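J.: Residues per chain are reported as follows:
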Amino acid sequence: MSQVCRSLVGLFVIVVATKETPEEKMSKYLLLLSSPKTIDVEGPAFFQEVLSKHLAWSSALRQGGHLLDVDKLRFDGRYSLQTKSEGIVVDGPYTETKEGIGGYYKIKVSSLDEAIALAKACPLLSYGGTVQVIEIDSMDNDV
Amino acid sequence: MLNHLVENLFRHQAGHLIATLTRFLGDLDLAEECVQEAMIRALELWPYRGIPEKPEAWLFTTARHSAIDRLRRAKKIIAVGESLDSLQDALQSPSAEPDLLSDDLLRLLFTCCHPALPEEGRVALTLKTVSGFGVQEIARAFLTSTTTIQQRLVRAKRKIRELSLPYELPTGAELSERRQSVLVVLYLMFNEGYTATDSSRLLQEELCREAIRVAGLLCSLFPEDPDVLGLLGLFHFQAARFSARTDAQGALLRLAAQDRSRFHQEDIQQGIHYTAAGMERQFYNRYVLQAAIAGCHTTASNEEGTDWSQILSLYTLLQELEPSPIVSLNRAVALGRVEGPAAAIELLLSKALQEALHGYYLLPATLASLYNEQGKSQQAIEYYQQALISTNNQIERQFLQHQLSLLTT
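Residue numbers (my numbering), protein chains in the order written: chain A, 1 to 143; chain B, 1 to 409.
By construction, these hints were calculated from the structure, which means they are not laboratory data.
Note that the structure is a prediction, hence the values are computed from the model and not measured.
Hints may be right or wrong, so weigh each one.
Derived BS3-like pairs (lysine-lysine); straight-line CA-CA distance at most 25 Å [claimed, not checked]:
1) A/K120 x A/K28
2) A/K53 x A/K28
3) B/K54 x A/K53
4) B/K54 x A/K72
5) A/K28 x A/K106
6) A/K72 x A/K25
If we strip away everything but chain A, and leave its shape as in the complex, we get (with noise of 0.2 Å):
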């Protein structure tokens, strides 16, 4: 009984929070990162550029409260999946391997200019590689 009792209290808090302070509408996006096809490797120096740079631009997502996931993609064991009369086949791995999406960051963010922004700076971008923006739809989307 107690129990309920709480959690019951915890939903009244819940609700009187959200009525109180209206959060802004917030949109999910992943940004899906691609390393370039050839980075010029130039040495011990080279690396910890583009790494520190990388992880100045992470810590920003994360410091910013926008960073709800982010993860590092295979660039082996991808395979493409098709029905074919006989069934699944599995037509893989893709031949991208390198040229293909490295890894993935899940944003939030209030507006699509936001995320674009935040993508526009990551540092990727300077060495040839690319940022996809995808928005991941939501079932409030429309309310």
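Add chain B to chain A, keeping to what the hints say.
T.: Using the frame of chain A, we list chain B on its own:
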């Protein structure tokens, strides 16, 4: 998650990793490839996963895996199986930490500086492997092309293979002979960083700092050696003046015009420490004497307070020990300060010095400044013009042109 990369982590780790892998693999190229691969892995993963708790250990393990993979693929695993096992053991033992790694670095350093290798190749190879400099960086530092540096590296490595030079520290009498060769490489490395001021200043300073770092490493092996102590003293005294050597526009400043409050105090303290330690062991030593001279300049409170007669006697000793026209030129400058410009001019116009330093811009530039001091501006102008013909260095030319403009307007 750690987001802060230790400064120079990759540059310094590269040397350690290459050195240790080379000891086990006996193959410098293979070691370099594995370390490169580990760093590429870091570049792929760390932006998403953050920096591992022990980045050095992570790089090490990754490079080791890369080595094992490559050897397996090349079916060499049986031949080197033992060394791979011991590599694994060594990495897991507590002694696989920095001390042991520095020993490896010293072994690699002595091989890279082997007297059987061409001198230019020694410097390039040391910078590439021990110090973790990229080919482009070395080329920029030496004002030459990447192709030239590549060639020097290839030749040096080929020589190591042809002569089957071991990655080991020499012993007995060979050790002291080989140490000389290492000192020469460090001296060249430092000088390149200190004088070639027309490429990136940051890079130049890193080159000097790296020479100091490796000399410190050498000092851990030879803590009582006056050569090593003197060299470290000299490096620190020179490095103390690094940021004061140029003005806000990057133009070269003469020592007299340098702002002494900008001298780096920690370097001065280190310079005093090493020079004093060197003097205690052997005063009459070419590196110790050079350190003492640099110390006289760097520790003087101002140009007027410089003890020129002390500098003159140090140069006289140095000249006896190691007769060289460059030393004579510098000694003449000191003589000019002590006895007046006429004595210095007489020395510089001597036939022997004129012949030995033919085409070296500092000879006419020094004469010009001495004539200027005497108020003989016509001679000063002629010698400055002669000096301009002899140098292509932009900053040096700017300096000479500035002196000329002061005389002609």
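J.: If a hint holds in the structure, say so; if it doesn't, say that too.
T.: Each hint, compared with the structure:
The hinted pair formed by A/K120 and A/K28 meets the criterion: a straight-line CA distance of about 17 Å does not exceed 25 Å. For the proposed pair A/K53 and A/K28, the alpha carbon gap of about 24 Å is at most 25 Å, so the pair holds. The suggested pairing of B/K54 with A/K53 holds, with an alpha-carbon distance near 20 Å, which does not exceed 25 Å. Under the criterion of a C-alpha separation no larger than 25 Å, the hint pairing B/K54 with A/K72 is consistent with the structure, at around 19 Å.
Between the alpha carbons of A/K28 and A/K106 the distance comes to roughly 7 Å, so the proposed pair stays at or under 25 Å and holds. Of the supplied pair hints, the one linking A/K72 and A/K25 is violated, its CA atoms being roughly 28 Å apart against a limit of 25 Å.
Consistency note: the structure conflicts with earlier hint 6 alone.
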